[in-house]
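Enquirer: Letter by letter, the chains look like this.
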Amino acid sequence: MSTVIIDGPNVTQGIPTEVGHHHDHEHHEQHFIWKYIFSQDHKIIGRQFLITGIIWAIIGALFSVFFRLQLGFPDQTFPIMEKFLGDWAKGGKLTPEFYYGLVTMHGTILVFFVLTAGLSGTFANILIPLQVGARDMASPFMNMLSYWFFFAASIFMFVSLFVQTGPASGGWTTYPPLSALKEASMGSGIGMDLWLISMSLFVVSSLLGGLNYVATILNMRTKGMTMTRLPLTIWALFFTAVLGILSFPVLFSGFVLLIFDRNFGTSFYLSEIFIGGKALPHIGGSPILYQHLFWFLGHPEVYIIMLPGMGMASEVLSNHSRKPIFGYFAMIISLVGITVLAFLVWAHHMFVTGMSPFLGSIFVLLTLLIAVPSAVKVFNWLTTMWRGNIRFTVPMMFAIGFVSMFISGGLTGIFLGNSALDIHLHDTYFVIAHFHIVMGVSAFMGMFAGIYHWFPKMFGRFMNNTLGYVHFFITFAGAYLIFWPMHYEGIAGMPRRYYDYSAWESYKQFISMNGFISIVAIIVFFAQLLFVYNFFASIWRGRKVTVPNPWGSPTLEWTTPIKPGHGNWEGEIPEVYRWPYDYKDDGNGGDFIAQTTPLRPGEESH
Amino acid sequence: MSGFITILLIILVFIIIYQIGKAGEYAAVLREEEKSKAAVNRTIAWLLVAFFVLGLYGIWKCNQLFDGKLLPPSASEQGVNYDSMFNATLLVTGIVFFATQAVLFWFAFRYQSTEKRTAFYYPHNNKLEIIWTTVPAIAMAALVAIGLRNWLNVTSEAPKNANVIEIVGKQFNWIVRYPGKDGVLGKRDFRKINDANNILGLDWNDKDNMDDIISQNGEMHLVVNKPVKLIIGSRDVIHDVGLPHFRMKMDAVPGIVTTMWFTPRFTTTQMKEMTKNQDFVYEISCDQMCGKGHYSMRGTVIVETQAEYDAWLAKQQSYYASNNAPAAPAAPAADSTLKTQKTDTAKAVTMK
Chain A
336 MSTVIIDGPN
346 VTQGIPTEVG
356 HHHDHEHHEQ
366 HFIWKYIFSQ
376 DHKIIGRQFL
386 ITGIIWAIIG
396 ALFSVFFRLQ
406 LGFPDQTFPI
416 MEKFLGDWAK
426 GGKLTPEFYY
436 GLVTMHGTIL
446 VFFVLTAGLS
456 GTFANILIPL
466 QVGARDMASP
476 FMNMLSYWFF
486 FAASIFMFVS
496 LFVQTGPASG
506 GWTTYPPLSA
516 LKEASMGSGI
526 GMDLWLISMS
536 LFVVSSLLGG
546 LNYVATILNM
556 RTKGMTMTRL
566 PLTIWALFFT
576 AVLGILSFPV
586 LFSGFVLLIF
596 DRNFGTSFYL
606 SEIFIGGKAL
616 PHIGGSPILY
626 QHLFWFLGHP
636 EVYIIMLPGM
646 GMASEVLSNH
656 SRKPIFGYFA
666 MIISLVGITV
676 LAFLVWAHHM
686 FVTGMSPFLG
696 SIFVLLTLLI
706 AVPSAVKVFN
716 WLTTMWRGNI
726 RFTVPMMFAI
736 GFVSMFISGG
746 LTGIFLGNSA
756 LDIHLHDTYF
766 VIAHFHIVMG
776 VSAFMGMFAG
786 IYHWFPKMFG
796 RFMNNTLGYV
806 HFFITFAGAY
816 LIFWPMHYEG
826 IAGMPRRYYD
836 YSAWESYKQF
846 ISMNGFISIV
856 AIIVFFAQLL
866 FVYNFFASIW
876 RGRKVTVPNP
886 WGSPTLEWTT
896 PIKPGHGNWE
906 GEIPEVYRWP
916 YDYKDDGNGG
926 DFIAQTTPLR
936 PGEESH
Chain B
153 MSGFITILLI
163 ILVFIIIYQI
173 GKAGEYAAVL
183 REEEKSKAAV
193 NRTIAWLLVA
203 FFVLGLYGIW
213 KCNQLFDGKL
223 LPPSASEQGV
233 NYDSMFNATL
243 LVTGIVFFAT
253 QAVLFWFAFR
263 YQSTEKRTAF
273 YYPHNNKLEI
283 IWTTVPAIAM
293 AALVAIGLRN
303 WLNVTSEAPK
313 NANVIEIVGK
323 QFNWIVRYPG
333 KDGVLGKRDF
343 RKINDANNIL
353 GLDWNDKDNM
363 DDIISQNGEM
373 HLVVNKPVKL
383 IIGSRDVIHD
393 VGLPHFRMKM
403 DAVPGIVTTM
413 WFTPRFTTTQ
423 MKEMTKNQDF
433 VYEISCDQMC
443 GKGHYSMRGT
453 VIVETQAEYD
463 AWLAKQQSYY
473 ASNNAPAAPA
483 APAADSTLKT
493 QKTDTAKAVT
503 MK
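From first to last, the protein sequence lines stand for chains A and B. Going letter by letter, the first sequence gives residues 336 to 941 in the working numbering. Going letter by letter, the second sequence gives residues 153 to 504 in the working numbering.
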C-alpha cells in the first residue's frame with residue numbers, strides 16, 4: 336500500500352489507509368439489488384441522482400444541438416438528424432412542431448431533471464450526512480423513495496418523447512391556453528398529459544428529498560456541530576431545500592388546475608377562446624393565474640439551481656486557495672436574504688402581461704434588492720482568493736469559472752429586473768443569454784466543481800486532470816462565445832423561440848452569427864461528452880485515492896475511510912470543535928486544522 | 153450505419169485522449185510530482201491571463217461585428233427614455249463587470265501557489281463587508297429610481313387625443329381594427345366570431361361597429377407624432393405585440409384586454425433614409441410562444457404623415473360594408489381577396 340503512492344494534490348496528510356481493516360465491521364454482504372439499486376445509503380442514492388442527471392444532461396444537450404442546427408443553418412438539411420428523430424426531421428430538416436418540442440424538452444430536462452434533481456439531489460444526498468456528521472439521512476427510506484419518484488418522473492418524460500403527437504411543445508413554462516387546448520398545438524395532446532404526470536411525480540420526489548435534507552441538517556448534526564460550524568455547502572443546500580419545500584407545492588396546485596382544465600372542463604385558466612373553428616364554452620378564467628402559480632415556483636427554482644453551486648464554489652474556492660472563506664457570516668446572511676427575496680420577486684417574469692403598474696414597481700424594487708446579497712457573495716469570493724495560495728486543481732478552475740459566469744449573468748439581470756428595460760428586452764435573446772449564463776453555465780460550473788472535488792469521496796479515485804482542464808477551458812470559452820453575442824441580438828429585439836428568422840427584415844442579418852453560435856455549441860457539446868467519458872472511465876480506471884484527505888480539507892467528510900460503507904464512520908462519529916474553514920498553521924507544518932481537532936490551549940474558536 | 157460508425161469513432165477518440173491524459177499524469181508522477189505540479193500550476197495561471205486578454209479582444213471584436221446591425225434610434229418618444237436608461241445601466245454594470253472580472257483573473261494569477269507563499273488567514277472584515285453591501289444598495293436604488301420613473305411614464309394613461317386602434321392576435325397572424333369615423337370601437341363577443349364574415353366577432357347590434365375597419369394582413373397604420381393607444385386582445389392563446397423599433401411590448405391575453413400607448417417619432421420613409429435601407433419596415437413580432445407558427449406571426453407598422461394616413465383611411469371600406477354591402481354572396485369573394493394579401497407561409501397549414 337505504501338510503496339507506489341500516487342498522491343492527491345495535497346501530500347501533507349499522508350496517513351496510510353487501513354485496507355482490510357474495515358471489512359471486519361461490515362455486516363454480511365448485501366445483495367446487489369439492495370446495495371446498489373434499492374439502496375437506502377445516502378451515498379448510493381446521491382450517485383444514482385448524479386448518473387441519472389448525467390444521462391438526462393446528455394439528452395437535453397443533444398436536443399439543443401438539433402435545434403441549434405436549425406437556428407444556425409435554416410436553409411440546410413442534416414440527414415443525420417433523420418436517423419435520430421425519424422419523421423420529425425424528414426429529409427434532415429426539423430419540423431416546426433418538433434423544433435418547439437425540442438426547445439420545451441431541453442428547458443424542462445435541464446432545469447428540473449439535471450439542475451434540480453441532478454444537482455441538489457446528488458450533493459444534498461452525498462454531502463449532508465457526511466459534512467454534518469450523520470450516519471445517514473433522517474429517513475433513508477423516504478430518501479430512497481425520493482429517487483424512485485424521480486426515476487418514475489423520468490420514465491414518463493422519456494416516454495413522452497416517443498408519442499405520435501410529440502412531447503409537450505409549449506415551452507418549459509407551458510403557459511395555458513396553449514398547453515391546455517389540444518387544438519392549439521400538437522404537443523398539447525398526450526405529450527402534455529405525460530409532461531404533467533411526470534412533473535407531478537417530480538414534485539413529490541423533490542418534496543420527499545427536501546424534507547429529509549432539512550430534517551437531517553436540523554436534527555442529526557454530530558456533537559459540537561453547531562449551525563455556525565456548518566460548511567457553506569450545507570447552508571446552501573439547506574436553503575435550497577427550504578425553497579423547494581415552500582414553492583413546489585404551489586407549482587403542483589398550478590398543475591392540478593391545468594389537468595382539470597385539460598380533462599374535466601373547468602375554466603381556471605380559460606376564457607373567451609375561439610379556436611379550431613369554434614368558440615369554447617369557457618368563461619371567467621385567467622391564463623395569468625397560471626403564470627402567477629408557475630412563477631411562484633419558477634423564480635425560487637432559479638435559486639434552487641443557483642444555491643448549491645454557490646455553496647460548493649465557496650467550499651472549493653476556500654479549500655484550493657488554502658484560505659478561510661471570507662465573511663462566513665455575511666455569506667450565510669446573504670443566503671438568507673436571497674432565500675427570502677426569492678419568494679417576493681416572481682412577477683418580474685410577467686412585467687408585460689398587463690399587470691398593475693404599481694404592483695410592477697414593487698417587484699422592480701424587490702428584484703433589484705437581490706443584487707445586494709449577490710454582490711456581497713461575489714466580493715467575498717474575490718476576497719477569499721486575495722493573498723491565498725491558489726492551487727489550480729480542476730475543481731478550482733470550475734469554481735473560478737463559476738464566479739466569472741455568475742458576475743456576467745448576474746449583471747444582465749439588473750437590466751431585466753428593471754421593468755422599464757424589460758419591456759423591450761422581455762422574451763428576446765437577451766433573456767436567453769442572461770439565464771443561460773447565470774443559471775445554466777454558472778450552475779453547471781458549480782456542479783462540475785463539486786463533481787471533480789468530491790469524486791474521490793464518491794468513488795475512491797480521481798478523475799483525469801488533463802481531460803478536466805481541457806473540459807474546463809472549452810466549456811468556459813465556449814460558453815462566452817455562445818452567449819455573449821446573444822446579448823446583442825436581444826438588444827436588437829430578436830425574439831426567442833423562433834424556428835426561422837429568414838423572413839424577418841429586422842433579424843435576418845443575424846443568421847451568420849447564429850451559425851457561428853451553433854458551431855461553438857456543438858464543440859462544447861462534445862467537450863461535455865469528454866467529461867462524461869472521463870467520469871465513467873475514472874470510476875473504474877481512475878488514479879486511486881491513497882490518503883483519506885487528498886485535498887487537505889478541514890471538513891468532516893474527509894475523516895471517513897476512503898471508501899466509506901453504509902454508516903460512514905467506523906466506530907464513533909467524530910466530535911467537532913471548530914468551524915470548517917480553519918486554514919491556518921496547525922503547528923506541524925500543515926496549512927489547515929480539521930474540524931475534529933480540539934482547540935489548542937488559549938485558542939479562541941472562530 | 154454511418155451514424156453508428158461515427159459514434160464508435162468518437163468513443164475511440166475519447167479513449168485515446170483519455171489514455172494520453174492518464175499516461176501524461178503517470179509520467180508526471182514518475183518525474184518528481186511536486187515539480188511537475190508546480191509547472192502545471194504556473195501554466196494554468198498564464199492560461200487564465202491569456203483567457204482574460206483574449207476575452208477582452210473578443211468583446212471588442214464582437215462590438216465591431218454588431219456595429220450598425222442593431223436597432224436604429226427609438227422610433228417612439230417613450231423609447232428615447234429606454235435608450236438613455238439602457239446606456240446608463242450599461243455604464244454602471246460595464247464598470248462593475250470589467251472591475252470584478254479583472255480582479256478575479258488578477259488574484260488568480262497573482263496568488264498562484266508557489267513554494268514560498270503561505271496563505272493569509274483573513275476570515276472577515278466588517279468594515280469591508282459593510283462597504284460592499286451599501287455601495288451596491290445605493291447603485292441599485294439609483295437604477296430603481298430611474299426605472300420606476302420611466303415605467304410609470306410608459307404605463308400611464310394614454311392622452312385624450314390618442315388614436316385608438318385594436319390589435320388582436322390569433323394563430324398565426326394579427327388582425328387590426330380601426331374605429332372608423334366615429335372614433336369608437338364597437339363591442340365584440342368571441343361567440344359571434346365566424347372566420348368567413350366576422351373574424352373578430354363584432355356585435356352588429358352595436359351601431360359603433362358599423363364603420364369599423366378591419367385589416368387582416370397584419371398591417372397597422374399610425375400617424376407620426378400623434379399618440380396611439382393600442383387595445384390588445386387575443387382570439388385563442390397568449391400572444392404578444394412586440395414592437396422592437398418602438399421599444400414597446402405587451403401580451404395579448406384571451407379574456408383580458410391589455411393596452412399600451414406611445415407616440416411614433418419617424419415615418420417609415422424617414423426611417424428608410426436614416427437606416428439607408430430601402431427595405432426597412434417596422435415589424436410586429438409575436439413575442440410569446442403561441443404554437444408551431446409562432447415564428448411566422450409577423451405584422452408590419454406603417455408610420456405616415458397625417459395627410460397620408462387620411463388618404464389611406466379614405467380608401468378603406470368598413471368591415472360591415474365589405475361583408476354585407478351589395479348582396480350576401482359577395483362575402484366569400486371579399487374574403488378570398490383578403491386572404492391573398494396574407495404574407496405568412498405557415499398560414500396555409502394552420503387551424504386544421
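These are computed hints drawn from the structure, not numbers from a lab. These numbers come from a predicted model, not from an experiment. Just so it is clear, CB atoms sit at the ideal spot from N, CA and C, and this is done for glycine as well. Careful, some of the hints might be misleading.
Unchecked claim - Capping the alpha-carbon separation at 27 Å, the derived lysine-lysine pairs in DSSO-like fashion look like this:
no., chain 1, residue 1, chain 2, residue 2
1, B, 428, A, 843
2, A, 919, B, 187
3, A, 879, B, 187
4, A, 898, B, 339
5, B, 333, A, 919
6, B, 312, B, 333
7, B, 174, A, 879
8, B, 467, A, 843
9, A, 370, A, 919
10, B, 333, B, 359
11, B, 213, B, 312
12, B, 424, A, 613
13, B, 424, B, 359
14, B, 424, A, 843
15, B, 174, A, 517
16, A, 919, B, 359
17, A, 517, A, 428
18, A, 919, B, 279
19, B, 189, B, 213
20, A, 898, B, 189
21, A, 517, A, 613
22, B, 424, B, 221
23, B, 359, A, 613
24, A, 613, B, 378
25, A, 418, A, 428
26, A, 843, B, 221
27, B, 221, B, 359
28, B, 339, B, 359
29, A, 879, B, 189
30, B, 333, B, 279
31, A, 425, A, 517
32, A, 879, A, 898
As the list claims (entries may be wrong) - Facing chain A, from chain B, some residues (calculated, C-beta under 8 Å):
no., residue
33, 173
34, 196
35, 203
36, 218
37, 241
38, 256
39, 276
40, 288
Enquirer: Against chain A, run the beta carbon of residue 276 of chain B and see if the smallest gap drops under 8 Å.
Expert: This interface hint holds because 5 Å falls under the 8 Å limit.
Enquirer: Does the structure keep residue 879 of chain A and residue 898 of chain A at a Cα separation of 27 Å or less?
Expert: Answer holds: residue 879 of chain A to residue 898 of chain A is near 11 Å, not above 27 Å.
Enquirer: Holds or violated: residue 879 of chain A and residue 189 of chain B, Cα atoms, limit 27 Å.
Expert: holds, 17 Å
Enquirer: Verify the interface restraint on residue 241 of chain B: the C-beta must sit less than 8 Å from at least one C-beta of chain A.
Expert: holds, 6 Å
Enquirer: May I ask you to test the interface hint for residue 203 of chain B with respect to chain A, counting a Cβ-Cβ separation under 8 Å as satisfied?
Expert: Nearest chain A Cβ about 7 Å off; hint holds.
Enquirer: With a cut-off of 8 Å, does the beta carbon of residue 196 of chain B approach a beta carbon of chain A closely enough for the hint to hold?
Expert: Holds - the Cβ of residue 196 of chain B comes within 8 Å of chain A, reaching about 4 Å at its closest.
Enquirer: Would you mind confirming whether the straight-line C-alpha gap from residue 517 of chain A to residue 613 of chain A stays at or under 27 Å?
Expert: Answer holds: residue 517 of chain A to residue 613 of chain A is near 13 Å, not above 27 Å.
Enquirer: Holds or violated: residue 898 of chain A and residue 189 of chain B, Cα atoms, limit 27 Å.
Expert: holds, 26 Å
Enquirer: Below or equal to 27 Å on CA atoms is what counts here, so check residue 339 of chain B against residue 359 of chain B.
Expert: OK: residue 339 of chain B and residue 359 of chain B at ~9 Å, within 27 Å.
Enquirer: Tell me if the straight-line CA distance from residue 879 of chain A to residue 187 of chain B falls inside 27 Å.
Expert: Holds, because 21 Å separates the two Cα atoms, which is no more than 27 Å.
Enquirer: Checking one constraint from the list: CA of residue 174 of chain B to CA of residue 517 of chain A, max 27 Å. Satisfied?
Expert: Judged against 27 Å, a Cα distance of about 54 Å means the pair is violated.
Enquirer: Does residue 288 of chain B meet its interface restraint, that is, does its C-beta lie within less than 8 Å of any C-beta in chain A?
Expert: holds, 4 Å
Consistency note: the structure conflicts with the earlier hints numbered 4, 5, 8, 9, 11, 12, 13, 15, 16, 19, 24, 27, 30.
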